Structures are given as structure tokens and as C-alpha cells.
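S.K.: Could you put the whole structure together from the sequences, leaning on the hints where they help?
Number of protein chains: 2
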Amino acid sequence: MKVSFIGLGIMGLPMARHLQKAGKLTKVYNRTRSKAGVFEGTDVQVANSPKEAAETADLVITMVSDSSDSEDVILGPEGVIHGAQPGAIIVDMSSINPEVSKQIGRRLGEKGIDFLDAPVSGGEQGAIAGALAIMVGGNITAFQKVEPILKVFGKSVTHLGPLGMGGYAKLANQIIVGIEMQAMAEAFTLAKEAGLDFEALYEAIRYGLAGSHVLDQKIRNLIDGNFNPGFKIELHEKDLRNTLLAAKTLGISLPFTEQVRQMMHEMIEAGEGGLDHSGLYKRMGDSRE
Amino acid sequence: MKVSFIGLGIMGLPMARHLQKAGKLTKVYNRTRSKAGVFEGTDVQVANSPKEAAETADLVITMVSDSSDSEDVILGPEGVIHGAQPGAIIVDMSSINPEVSKQIGRRLGEKGIDFLDAPVSGGEQGAIAGALAIMVGGNITAFQKVEPILKVFGKSVTHLGPLGMGGYAKLANQIIVGIEMQAMAEAFTLAKEAGLDFEALYEAIRYGLAGSHVLDQKIRNLIDGNFNPGFKIELHEKDLRNTLLAAKTLGISLPFTEQVRQMMHEMIEAGEGGLDHSGLYKRMGDSRE
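Line by line, the protein sequences are chains L and U. Read left to right, the first sequence gives residues 8 to 296 (this note's numbering). Read left to right, the second sequence gives residues 8 to 296 (this note's numbering).
None of these hints come from the bench; they were simulated from the model. Hints should not be assumed to be uniformly reliable.
If several chains are the same, the list does not tell them apart, and a pair holds so long as it fits within one copy or across any two.
[Claimed, not checked] The calculated lysine-lysine pairs, modelled on DSS-like cross-linking and capped at a C-alpha distance of 27 Å, are:
| no. | residue 1 | residue 2 |
| --- | --- | --- |
| 1 | 289 | 9 |
| 2 | 199 | 109 |
| 3 | 118 | 289 |
| 4 | 199 | 255 |
| 5 | 255 | 289 |
Being a predicted model, the structure only gives us computed values, none of them experimental.
M.R.: Here it is in C-alpha cells:
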């Protein structure tokens, strides 16, 4: 199976390197060509366009930033759709609006090309370690064909249903994590003002119903007042923006999701979009002063 | 050490029974005397007032509903304060506004009586099993004297600092749990409308940052659409009301806590206060129809 990889950013580059090491990578493409420099002079060919990357490929993986980027590299004038052969499989691992994934899938389907949406969680560290959690939506037969490839950098690869379900699972995940960051922020703001010791409080509540991975992984940030990322607020804000676009299409209202997005947006405007998402705690203090 | 127990409700009765079985209970009092019937004809004396329960006691434990009840049984005309001897210790295990606990403590202190606030988590099941998590604030010497008694029904007994810190820890806990219920509600409302399978989604996200005890313990309610308590919305609403009263005293704003309290209040008004707090998910559906 000939595999091409498009999008060599913070996430994409380590993922492509894992495929290269496993001897499964044929071509790469990146808009800024210099980022593909690590592949020059190797067996991996650096393509000049997504179209060229898709020619001769059985599988094209895309890992870009947002819905419009996925549309551009797949459906644009120099896009994958103009190079891929009928029977090829395209897997978009970007975190985008799942309703856009469905539209892309329809266009590719007209040409006999399979399309899966397969966003990941685990962040840059997960990509480097080859230990991503991959949530996949789309045709089950296509999924089974590409599953061994995805396992090269995936700790878990879960098929969740038809096209779009990978994206919806990712958005559901980001809703929970985003709102929990604010839950932790409010609880520890009360605790701080009351004079409670954070470590003692954490030990008192962590084994009960309030216990969570957010608390376990982020309590240290609150104790130290250090909000280096981690997962950046500006990326989480993008995911929640896509969540709200999808929710609008589905006709539902998500009040806390909307408000967390607004809080994150305000932090971006204030130049704090590069902080870890646990930085919502910092915002509670800033708005108090 | 002679121990009296005041407040034989859903929580208090099983706690008092554990003390009785351990041979550590001298007197009980309950406003509705019939609830003390189980102690008639035993070695445990049924007192006619909180004052009478406190006379001769080294330790008086109170477990009532809300701030005004604690004030009434401790400071009221027939209250504990009129019976307790200097050197006695009063432990209030009710979940109340910690600022009220501080006021009660000042009044008792003037009489040379020690006061600890020691709310619990673990609910009715925890009380019956003798496996409560007990969060204690107040004088450390008094704490050390009563710790062996609290361990009769406590799985963990944690001293968190001066008077009020037990209550603040409990409120911080209830903030996190309440907001997480809404986080889960929004994520699974999106999932439902998108057509995602709840079990598959749960398996895909539970090991990542979105994993929590709320999700582990309440996902079954969402799958089954069964919101039998568990922990009732009307009790959680009371805790959040106390949280907001305390937050006001401290001069801080807790926006999501305020909104969850409002949502729970609306459910109580609609006759759904007896549902489990995971029933916030049901409200998302009701407001959509």
C-alpha cells in the first residue's frame, strides 16, 4: 500500500516520520516546502502539490489546521481529488467541523474515492510518542484496510460509525475537557479565597465523584501558577468553534460550550491564546483584580 | 468519651447506628421523635432536646439539613450550647455555608466549647456502608481527639485547616461535580443528535483527558435514560446555593456554578428535584423539544 502524507506541522511531521521509519511512506507534501526538508534525499518523495502527492497513492493522509484547509488540500484547484485514482482512500486526521467532512466525503464519493474522518487526541506528545487516540468515522471496509497504517502512530484506533462520527467524538471530548477546565477553575478560585491548601483539597476530593483526569493532569499548573502548554487555548477555541458550527447545523444549543469558547476567545484577544487550556483558572483571577 | 448524635435522617441514622454497634453512642436526638424509635429500649438514651443530648456529652455530632438547622440545634433556645460543658467538642457534619459554621464556632468558643465543621461525601450508600469521605476544619487538637470516632463511619478523614475549611472543601467538590454533569450533558446531547453510539463514544474518550469519575459512574444513566437517584438535584442545588452565599461573602463570582444552580432550580420547580443530578442531561432534551 502506497501512502502519501499531507501536512507536516507540529502533529503531522512526527506522524509522517513514524510511517517513514516503518517503511510505509512514499510521498509527502507541505505548503511551506522547507518543512519537508527532513525527507529530501531519502526514499520519500517530496511532492509539489496535494494533487501530485495523491497520484499513484493507495492512501492519502491529511493533517492540516481547520475545515477550510482540509477543503483546500482535498478539493482545491491543486487538490487531492484531481490526482487520486478511483479506489484510493483519503483519511483526514485534522480536527474540523464534521459537517464539512461529510461534504468532502460526498464530493470524493462521486469519483469513487473513499473518505474517512479520523481526528486524534493526545497532542504533540502523543504524536511524537506514536501513542495517539484515533477516532474514525466512515466506510467500515475502507477503515479495515487502513487500520494497520493508523496503528503505526495510534495507541488506540476506534471506528465510531459513518463519516463524521470521528469528528463528532473528538468534539464531544473537547466539550467535556473545556467545561471541566472551568469547573476546576471555579472550585479552586473559591478554595484560594477561602484559604484552603490546594494539595490538601486535591487529596480530599480526588478519589470521590469530583475526581478526573483533568484534575490529575492539571492540578500542578494551578499549584505552581504555571500555564505553559500543554494544549493551547487557541487550539481548544478552534475546536469549540467547530463544535458550535456543527451544533447549529444539528439545531441544538450548548450553553456552557458557547461560554467557554467566549472565555477562550477573550484570552486570545488579550494575547494569552498560547497558554495551556487550564489557564482558564488564571482568567478567574484576572477578572477579579 | 460520651458521644451524642443529633439528626437521624437519611444520612444521620445509619451513621448513629454504626456508632451504636461500635459501643460508642450514649444519646440521640431527632426533631421527629419517631425516627429515634430504633433506639428505644437499648442502652442509647433518646433525649428530648439538643440541650439534653449535649448534657454530660464529651462529643456532640450534628447531622441536619442546612445552615438554619445547624444554627437552630446548636444555638437555638433548646440548643446544644445550653447543655454542653466547657471542654466539650461539637462536630457539625451537615453540608452548610462555611461562613455560618465560622459564626457558630465563635459563639461556642465564647463558652469554651470546641467546634469542627466536617461535611461528608459518599451519600446515603456511603453512610450505610460506613465509608464516608469526611472533610474537617477546625482546631487540630480537637480534631485529633474525635478522629477515632469519625473513623467508625469514615473511609477517609481529612483535616483541611481551620474552622470552615471542611465546608469549603465540600463546596469545591460540589462545584466540580455539578459543572461536570452539565459538561457530560452537552457532550452527549451533541453525540445523540449526531447519531453517535454512546457506549462507543465512552470507550473512545474515557482513557483520555475527558475521563472522569462522573463519566464512569453516570454514563449508564444516560444510556438507559434512567435518572433515579443517586444524589438528588434538590440536595445538589442546596449545596450550590450555599456555595454562592459563601462566594458572595468572599467577593468572588462563579459564573458556571451560578448557572448550574439556576438549571437545578428550574428542574425543582418543574417537579424534577428528586432526580439524580445526572438528570441535567434530561433537561437538555426537554428544552430542545
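S.K.: Flag every earlier hint the structure violates by its number, smallest first.
M.R.: 1 and 3
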